[in-house]
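Number of protein chains: 4
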Amino acid sequence: MKRLILAVLALTTVLLASAQSRIVTDEVASSVLGRPVSVTVFLPEGFNDNPDTHYPVIYMLHGLYGTHRDWVTSGSMQGVTDELMASGEVRPMVIVMPCAGDPDVHHVQNGYFNMPDCPYEDFFFGELIPAMEAKYRCGGSKGQRAIMGLSMGGGGTIVYAQRHPDCFSSAYGMSAWLDNKHREVRGADVPDSKLTITDNSVREHSALDFMDRADESTVAALKTVKWFLDCGDDDFLLQLSMDLHMKMREKGIKCELRVRDGAHTWEYWHTALRIALPFASRNMQP
Amino acid sequence: MKRLILAVLALTTVLLASAQSRIVTDEVASSVLGRPVSVTVFLPEGFNDNPDTHYPVIYMLHGLYGTHRDWVTSGSMQGVTDELMASGEVRPMVIVMPCAGDPDVHHVQNGYFNMPDCPYEDFFFGELIPAMEAKYRCGGSKGQRAIMGLSMGGGGTIVYAQRHPDCFSSAYGMSAWLDNKHREVRGADVPDSKLTITDNSVREHSALDFMDRADESTVAALKTVKWFLDCGDDDFLLQLSMDLHMKMREKGIKCELRVRDGAHTWEYWHTALRIALPFASRNMQP
Amino acid sequence: MKRLILAVLALTTVLLASAQSRIVTDEVASSVLGRPVSVTVFLPEGFNDNPDTHYPVIYMLHGLYGTHRDWVTSGSMQGVTDELMASGEVRPMVIVMPCAGDPDVHHVQNGYFNMPDCPYEDFFFGELIPAMEAKYRCGGSKGQRAIMGLSMGGGGTIVYAQRHPDCFSSAYGMSAWLDNKHREVRGADVPDSKLTITDNSVREHSALDFMDRADESTVAALKTVKWFLDCGDDDFLLQLSMDLHMKMREKGIKCELRVRDGAHTWEYWHTALRIALPFASRNMQP
Amino acid sequence: MKRLILAVLALTTVLLASAQSRIVTDEVASSVLGRPVSVTVFLPEGFNDNPDTHYPVIYMLHGLYGTHRDWVTSGSMQGVTDELMASGEVRPMVIVMPCAGDPDVHHVQNGYFNMPDCPYEDFFFGELIPAMEAKYRCGGSKGQRAIMGLSMGGGGTIVYAQRHPDCFSSAYGMSAWLDNKHREVRGADVPDSKLTITDNSVREHSALDFMDRADESTVAALKTVKWFLDCGDDDFLLQLSMDLHMKMREKGIKCELRVRDGAHTWEYWHTALRIALPFASRNMQP
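Protein sequence lines, in the order shown, are assigned to chains D, H, Y and A. Heads up: the first sequence begins at 11 in the working numbering, then just goes up one per residue. Heads up: the second sequence begins at 11 in the working numbering, then just goes up one per residue. Heads up: the third sequence begins at 11 in the working numbering, then just goes up one per residue. Heads up: the fourth sequence begins at 11 in the working numbering, then just goes up one per residue.
Below are the SDA-like pairs computed for lysine to any residue, each with C-alpha atoms no more than 20 angstroms apart in a straight line:
no.	chain 1	residue 1	chain 2	residue 2
1	A	K233	D	R101
2	A	K233	D	G56
3	Y	K264	D	R268
4	D	K233	A	E99
Hints are computed from structural coordinates only; laboratory data are not their basis.
Please put together the full structure from these sequences, using the hints given.
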């Protein structure tokens with residue numbers, strides 16, 4: 011019987027060995043929002059065993075209608091991160107996945123920018139970053155911080171890095187919702203709906219307009235960030251990534267662009283992690 | 011309000027567009043097993059709209075302790091299959107994922123070979139294949155049938171194709187459990203436990219021994235199948251795939267081998283589908 | 011000594027084994043051009059040993075200032091083709107690489123369209139295709155023919171397939187020169203220079219204008235071809251591929267787009283073959 | 011006319027832009043060999059413009075019957091290196107490709123180990139490394155130095171790093187000739203032929219035997235190097251890489267293994283650079 015148990019244990023141990031990283035759920039009490047915000051956090055293998063180690067940090071943003079749980083449940087981010095860290099392609103890092111929606115009520119209170127009664131950007135930079143980096147021994151400076159995200163979170167990623175270039179060493183937008191001008195429907199007839207508000211906030215924070223307006227000193231600041239846009243050839247948002255890439259090229263700001271096979275799907279974002287995580291890792295300060 | 015709904019619908023439609031394939035759960039009443047066996051089936055986009063179309067079929071096998079649901083829930087097989095079919099890398103096909111475990115009781119009654127009171131191989135070839143291919147307008151001949159699987163299901167894949175080379179155009183084993191000789195623990199002290207029985211059945215159906223014993227006519231038959239072994243460099247079963255590859259090479263049987271980065275994980279098997287599905291597709295008869 | 015020779019032979023044989031395909035140089039006597047045109051031809055392994063076998067054919071076009079030799083000498087097309095054919099990713103095919111330049115005088119008489127004193131398109135469809143397909147037992151119909159090319163040859167590829175959709179099962183344009191409107195310099199002050207003539211011919215055969223003008227029946231014809239555009243994110247011609255992709259999407263014509271890492275370089279086109287050859291292969295008729 | 015020239019220049023400049031790195035041919039006067047040894051050196055973009063910059067260095071070794079020119083002429087190493095450096099996947103580095111053969115007489119005086127009248131290993135560590143690193147502002151320590159190579163140079167890579175683990179941060183062997191025991195032919199009947207001598211030197215420096223003999227302190231030293239073995243599934247040397255990987259795994263020394271599609275060909279080694287160069291780059295000290 012002992013031997014049988016050993017056999018089962020052996021298998022189990024091997025299965026666990028590649029998953030010694032941990033996913034924890036946490037909460038940040040926000041004063042500016044007046045409520046707690048849920049956060050999912052990836053802690054790399056060895057995090058607890060090395061209490062003096064300080065880690066780089068990635069902020070990984072979800073999309074419209076999503077929550078802090080998405081990257082783990084739908085994006086299977088743990089398996090691919092484990093694999094890339096095991097082979098050394100990605101350095102051990104903390105990954106912070108905050109909620110920009112309402113975890114309980116679908117379709118409510120979504121978005122990364124300051125909106126009426128919901129100054130999310132203020133929360134993000136003034137409360138979330140300091141709280142997470144203190145608690146999880148990570149980040150602390152531009153060189154130790156990266157940001158990435160999908161769809162609405164891809165837009166959040168790019169616009170955050172445009173507006174706070176001193177904050178992130180790199181920004182990777184997947185299927186990014188970078189502007190809202192070409193969409194006819196903005197819910198003008200339901201003026202105070204949450205979707206309308208989110209919709210408006212994306213239009214008002216257009217990453218394309220930002221580039222058009224960027225003066226010399228802004229361009230200089232943007233050049234201190236490593237940029238990456240990644241969007242599927244069947245994605246309905248493709249034009250936005252292509253447009254931003256060309257605008258940045260014209261201003262001499264290096265921006266990687268990839269158009270791979272796929273659409274606005276979790277399969278696309280899951281495979282994007284294989285490019286995004288090494289990109290973030292190698293652009294962190296040593 | 012109408013416009014708002016339109017906006018939501020537009021997004022939703024796009025999200026669904028890439029998932030017009032369907033996953034259905036079915037059951038095959040087995041006489042030889044004396045019980046129904048659960049099966050998960052992937053039906054490609056357009057399956058219902060083209061009632062006269064006949065499709066190729068892939069049998070996709072799960073691993074030890076698993077069930078018919080695994081490839082969908084843990085392997086995320088639908089997203090990658092949709093993407094590959096959308097771009098034409100993989101032809102529209104039916105994918106059949108039968109249960110070789112007990113869906114309700116974990117760790118029970120597992121394995122692909124004939125075992126005491128559980129002639130699974132008889133069920134597979136005598137009942138499952140005919141039932142599925144009649145019901146889902148697929149397969150029907152070697153040229154329209156492929157098999158693939160992971161771990162215990164990778165072993166099942168290779169051994170089934172060794173023993174029934176007239177049945178499959180191709181066989182793709184992932185992290186395949188191809189033999190059991192080198193494992194010390196076979197639960198001999200719990201002689202009638204289910205795990206012991208499974209363990210023994212793998213040892214008795216060693217794919218390596220099969221190659222050692224293969225005579226000229228067997229080799230000739232094996233050459234009619236396209237073979238592929240794919241195992242991670244950190245997988246505890248790696249030696250088995252390497253050994254089988256060399257044995258097949260020595261006998262002049264072409265067998266693709268890939269050792270990629272990774273271990274015995276779902277991330278590995280998920281990415282394996284990007285190689286396995288096109289391989290199965292292009293080796294089907296036109 | 012015999013054993014020593016055997017050792018050397020063993021190594022050499024192995025090295026040759028993967029290169030049993032052959033590269034031959036041929037010539038087509040052209041009546042419409044009034045001169046012979048050089049052609050490099052890739053013949054797959056086994057071509058001579060199977061005199062009754064008929065093969066699919068790919069036309070592979072070089073770029074501006076190039077010749078028929080480029081794909082072999084600068085693009086290293088033989089090694090990658092051998093590898094993909096050996097593993098079955100690409101079917102055995104003949105690949106025809108005609109010269110659209112002057113092999114002896116650099117910068118002279120270049121281009122794929124009909125130009126004054128050089129009706130190259132007439133030559134291509136009226137003389138080259140019939141001569142090659144008769145001599146090398148290949149092609150013969152749309153389902154057995156594909157076209158691909160780089161830069162000026164990428165433009166030639168797309169425009170040929172637009173104007174002759176009955177001729178090719180697939181068209182793959184790499185870094186394609188699809189239009190000439192946005193380039194300020196067209197050499198108007200050297201009106202009869204060869205470069206001016208080529209430049210004008212590309213402007214007059216704009217693939218973008220073709221899509222703008224395409225009526226319903228043209229769109230229907232274009233849908234019978236599989237399209238692929240592949241251009242580096244640092245390529246100065248990138249906007250053209252992105253624009254054509256969006257124009258085709260708007261008209262409902264499926265067109266794969268990939269933007270990979272790279273510029274207007276042979277490294278980019280060499281790696282493009284790993285995508286282009288399987289694409290052409292799987293879209294040939296069985 | 012001016013505009014025409016501008017057009018040509020524009021194209022040419024773009025073509026050159028990705029090739030601003032330089033390939034130079036140099037020579038090291040060797041006292042221990044009593045002759046000069048040819049070396050090809052890759053200097054990254056900006057090398058001359060930044061006279062105070064110090065670079066990491068990679069030693070890149072050719073195979074049997076080869077010379078210092080091979081990696082550039084047959085391996086097209088410049089194009090892929092330029093691309094990877096342009097996108098930041100690989101840091102700017104110097105790459106040194108020394109000759110271990112006779113550039114003028116094929117088949118003569120080949121090998122990386124000390125042989126009668128040809129103490130190549132002494133030359134490599136005592137003369138080549140100091141000369142190159144002084145002249146090209148590179149290397150200087152283990153953390154700034156990597157080694158890689160193909161076939162005989164893959165064996166040289168692994169054995170050099172086994173014997174000098176204090177010298178290299180990483181070692182990447184492609185299709186590595188790691189041992190010679192299983193080859194029947196060792197030219198014993200032409201005892202003093204150059205091939206016999208090389209052949210013997212590989213047998214005497216077996217990387218497999220080295221692992222078998224490695225004691226605890228050797229194992230500890232080997233763990234300070236990052237190891238990578240990469241060999242095609244159709245390569246006649248495949249067994250050697252698989253065996254070394256398993257021996258290292260048993261001793262707890264992390265060693266990446268990849269078996270990709272392919273044989274003992276330049277196409278394989280060219281594509282290996284896409285994995286090898288980022289691996290070397292990220293394992294250099296910051």
